Amino acid sequence: MDEATKVRDPVCGMEVDPVTAPVSLQWEGQTYYFCCEHCMRRFLQDRQGK
Amino acid sequence: MTLRTLVRDPACGMEVDPATAQYALTRDGQTYYFCSPTCLTRFVTGDATVPADRPTPAEASPAAESAFPALSPEVWTVPIRGMHCASCVERIERTLRRQPGVLEATVDLARGTAYVRVIPGVAQRKGLAQAIAAVGYRVVAVETRPVRETWVHREYRDYRWRFWVSAVLTAGILLLELPSMLGLSMGLPHGPWTNWLLLVLAAPVQFWAGMPFLRGAWATVRRGSADMNTLVALSTLTAFLYSLAVTLLAGTRHSTPGTQDLHTYFDTSATIITLVLLGRVLETRARAQTGEALQRLMTLQPTTARVLRDGIETEVPVEDLRVGDLVVLRPGDRVPVDGEVVEGFSTVDESSVTGESVPADKGPGDRVVSGTLNQMGRLVFRTTQVGEATVLQQMIRLVERAQASKAPIQRLADWISARFVPAVLGVAVATFLAWALWGPEPRWVNAMISAIAVLIIACPCALGLATPTAVVVGVGRGAIQGILVKNAETFEKAHRLRVIVFDKTGTLTTGELRVQTVESLDPRVSEADVLRLAASVEQASEHPIAQAIVEAARERGLEPAAVEDFRAEPGVGVRGIVEGRRVVVGTASVLEREVVSTDIAESARVRMEALGQRGETPVGVVVDGRPIGIVTVADRVRPEASAVLRDLQSMGIRTVMLTGDISATAAAIARELGIDEYRARVLPHEKAAHIQDLQATGAVVGMVGDGINDAPALAQADVGIAIGRGTDIAIESAEIVLLRNDLRGVVDAVRLARATVRTIRQNLFLSFIYNVLAIPIAAGVLYPSLGLRLHPSLAAAAMAMSSVSVVTNSLRLHRRPRH
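Chains A and B, in that order, are what the protein sequence lines are. This note's numbering numbers the first residue of the first sequence as 1 and each following residue consecutively. This note's numbering numbers the first residue of the second sequence as 1 and each following residue consecutively.
Isolated chain B, as found in the complex (with noise of 0.2 Å):
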């Protein structure tokens, strides 16, 4: 046989045999080989440059071997300046889906940014930015690392600062007309000059303060379409411009002839900029506390770290760390680079990371875990993981994927949002004419006035808020309390669940077997001797029933003897000689091979049997043929199980136990913790074909498992739930983890996905009710008949209102209180 030899294509990834490839460059004496002409060009027109992390296609490996790992694909964040509205949303989305080497673009409004999913070496940041700024928007950076900042905060200045200067200028305006509003003939007269001072102090507002919404929407008319930029922009200048016309035309000593009387409407467009920024100034601030959680996690890691080399500390960024450097850690310091401490004693902080409020105590052995805090004493650890594979970095990472994943109900949102606009510029045109054909005089003022009340109460912003704010907050949340939400559909997901599955070992139990009862078949043998033999038989043995055992003599202070001739039957039991002896440790069957006298075997089999169905595992200890004594391990029970389970079911969830099991013992432990349902000798390969065999009951099931023997049950799960022990955080087939090594992080997550998705509800209502009951008011429906109109600027204040309403909402999701 031949061996092929492939080579990887340098732009898409893909194998590629050198052989019969119809596209290759060779530059600088290398080749490089491509799957198709597109991958050339891209190779070639992109970076030039085959990135350094990867192989260069000169590094063949034999295609037996298939020895390339997974391209994986990075995500990049990139901060987007100008987006306010969910109508941009759809088109940054599409516009980066079409760059070259983008799998997947998601953009978070409330955060101001895009995650994009890319093939490093094929996408290009600098293709990425000028796509973006080529709709209309501006790109902050493109950054490969998570950014620090959130860009939210300055944007949240900025509006801050125009909020100030537009509010003084148009109380200015409102002095000024408050004397003609209120019918008054006192005060200051209204004169062409007031309409020149109104027109001084209107322009900066107009021009200056409510540049970003002329800026936005300028943008929007270039590429030919709308949104509530176009709405602001649209409704205030046809105010201005009008007011303008009226004060050109009035205001001169030869002015045209009845104009003297006509109104300026300086006070509507600078109310409306002045409100619509006091809105912006409210969301942005809001929005940056959304995500707050994200920022309590990036702040857990110091920057520098003391390291211990050839007995001097010497202090170095974090970045330099490597696995295996020696870390000092001082009372006080956090930890900053995951690792496991082989000097010294202290307690460490955990809260941070996993929710769990009392701290843990640490020596030689134990893990730490980067981003928790050292208490008491000076710890030396060695470090196990550094980077960008540590569990806050991972953590990090997956906060912010979760945070800007999209939950299937915002989808609706955004496309609703985006077919809006034009919708409501239809619906202004119509108001339009409708008060210019039948109003009552002066016809095409009220006209005029009544579309710009249409325009600005119709900006679909709240609607573009309601769901990411929630998934931010939610997601948040549910980090400060150490449950892990991978992403915003898991919220849906897990609101709806009836059924959780709990594996039985390892989850509704502790997982760490221990030595029950020991019972004497032979009045001549104690019971410490019964326990003895069998832990000296068993020392040899890894199996976890072994490993019990004898711990169990040890504790008791008993010395096992030394074993020759030890053989392990797997699944049965474990044979040897012990003191010339021949001891057998193991099930009945064994029992029954070995026992010469048939009815002692019979007996003992049916002691064990009874000692069975307490829940526990009994194992027989037979020496010389004759059966000496009984030992029963058992797993223990969290002591949170039955009180999770008891919580789950008040909910409406139902709650199944799988287990290996014989279903005596099953059905002990599920009496004692109260479970509905369980389901014995379940193999572990046969743990996902239950949850299958559940879900075709139409039910939406959860999964609750360690994520290292039950990963095909966790991903077939509807929502997979894994119990973490704090440093697996990426369990690939888990929705959810829970850092913290504790049930009652099931309930807390379901109770979290359904207050998100309640209050995702709520926002969803709020805003769309809103837009639903005010446009038509605006529009003038109720005038004919109660007389009643909406003013503009009142429309600006509700329309602000609502998108503060719904963050103020979804941040209400954090102050709910834990159970």
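For reference, chain A alone in the conformation it holds in the complex (with noise of 0.2 Å):
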């Protein structure tokens, strides 16, 4: 599998395989792909500070 198929964690920006990511979110539509639980988390909390 190439770099080409790894998308970035929003939270930290560490680059994540989609297909390995132990945490994904769908959210309005879009998926996202989370190196780790706690970095979900952060986002939620992002999103609801909103």
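Source of the hints: derived by calculation from the structure; they are not laboratory data. Misleading hints may appear alongside valid ones.
If the Cβ cut is set under 8 Å, some of the chain B residues that face chain A in the computed set are [unchecked claim]:
1. 19
2. 25
3. 37
4. 41
5. 44
6. 296
7. 299
Here the structure is a predicted model, which is why all the values come from computation and not from measurement. Where a beta carbon is used, it is the ideal one built from N, C-alpha and C, also for glycine.
Put the complex together from the two separate chains, hints included.
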């Protein structure tokens, strides 16, 4: 699998493989992949704060 | 057609289509779908695990089936410390209702407990506790099961200890003050050192014994409100700090001139605290007593049971019992769970559950109910219901919920008292100013004392206790008599009942059909033959009339013959070939059709009609086209029925009977029972409409039924009363469930409702009138004309007594004799 298929964790900026990402979220129709539970929670907190 | 697959939102339980879901979370290979971002956030930030008792979202079900069970909310019990006043109730309820996953919250002041209906998995125990703590109360624990020991007991012990210490110190203070109070110069001279001594005695009273008030007041101040703690703390602190200032200024060698003559008021602050504590002691003790019925129920279930496995008896915890286990009861054992006897004979005292005092005989096939007491023999029973499903546990839950429920009248009391305290503070300020401007000298001191008296007398605690204590005692009293009242509102509705509708079958009657008469229409056929032939055909039928005929034949030692070619026409009759003859058994219309000669058919029909007039149901027996006899069956009227109807009528309640019978039959029964009104030929599904008719006249209508085929009518009625068979407690449609299969419970229930409502009204009157009268006196309205004032200590005593009198009045409900 080459680098191009990887996506960026919107919170920590790490690159994540969508296939093996431990946590992913569908939010307003968009899919986000996270490196870990922690980043996902941060993401949610930010959304909530909006 | 494509089957859409829906999954459930794990936060709210709603069904979501994964194909169109905007919000989803994938974690550890599992995907959860949500209806909204709020649910997603809630799910993540709350309990991050799916509760084990629910299917995981991955177990999708086809939309066509919509197989998700309704998400059943749980009721959590939250003992809260620091609530003393109705003012707190509204605030805590509001706070709880704002928490995620909370559907409903009611606070029971009398038991120091909040009951919260929640969606499990969404509501967080910790979240609830924190929310309550944030508004200034202490949460003992959040119990997902009802608590067994009431918190009130421990609170009572705490107050008692504080009270005794406070009382001893206050007695010392009063002894020192006595001479100067009486204006005597003898005894201890009142000098600067006396004030110091008084201070030493008064400080622990103020700051240790009075700590609950100070802590409570501080909590209210922080959130910018006020309650009775505020009143007590403000008044005692004022007296104490003023006295402290006097002591400091006058008590030193270089005292400020003019302060020597100033009096201290340590006695006032200490007496108030001691008396308010006494009020709390009496009140918490009485509150603990109001919960007794429930505690009694809780003690009925033994903690262990003897299980028979492979012929060996082993003692296991009740929680480990499973449906189908064989449980052994020795004489004197309480039945741990519900079940059916498989072996042994005994009598069982069911009074603790049904209120029925005559012990019931039990043998194989009979049901035993959890919480009842096995008396003489050894019984082995197979469990049918365990854990939360048992009759006893259902009763406990029901009673607990009912006791915590709010009577509509209480919402008014809560609303008033929540606004009462701020108003009182206003009155106190006004009093202070009035005395300071126009009062006698020393003006400032008099102003202070009068303001203190107002603050103390105006405590709305009696108001807050008025309704809940009466409800708790009323519900408890009902439970002891085998009358389960589902909620407090029921009392208010039942007390206004003007019409009570009875379902005939199974309610006014025992519900068991029995053969009344057997007549032969043909001189060549004996009555025994009529019955035997009828029974031969009817033995193949399940109809109650058929069973009654077969039973009657058996009782008379008649052996039914074999039947061939059996056919049943529902609602009309049955037919078959018996001993080579064509036998038809059925209603008058069957007769007309089957009988060849119209003359004979006509005379048989006339005879059947005549029998029908007596309130019995006639069944014709036709053999080979000739009517040979008539069998009548009737439902026996309950022995207590007419006495119950008379009692209700004497209480001003109109009684109405609903029945599927023809008019003649209905009229006969109505006459026999002395019922006011009847409606005949009512089909089961029409019962609710009849109730509606009666309600349209403006009457509050009650309905008594068995809760099985009359559920819509029970639900339609203002008060549905189900006569239980001692088993189905949670009959949803009924507000009142009678555990004893006895109509007298209806009269008892109405009496209980009336007594409870009367008590609530007395209590509200007691607490209102007390505040209304006492506040102006405390403020000094009578001073200019009569020179009458209310000393703060007296105000404290009066306040304590008002709470106690309200609680005592409620407890009186318990002692009221049965009839």
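These are the hints, each one checked on the structure:
1. 19: The hint is violated - residue 19 of chain B has no Cβ within 8 Å of chain A, the shortest such distance being about 12 Å.
2. 25: holds (5 Å)
3. 37: Holds, because the Cβ-Cβ distance from residue 37 of chain B to chain A comes to roughly 7 Å (cut-off 8 Å).
4. 41: Cβ of residue 41 of chain B sits 5 Å from chain A, so the hint holds.
5. 44: holds (6 Å)
6. 296: violated (48 Å)
7. 299: Status violated, d = 46 Å.
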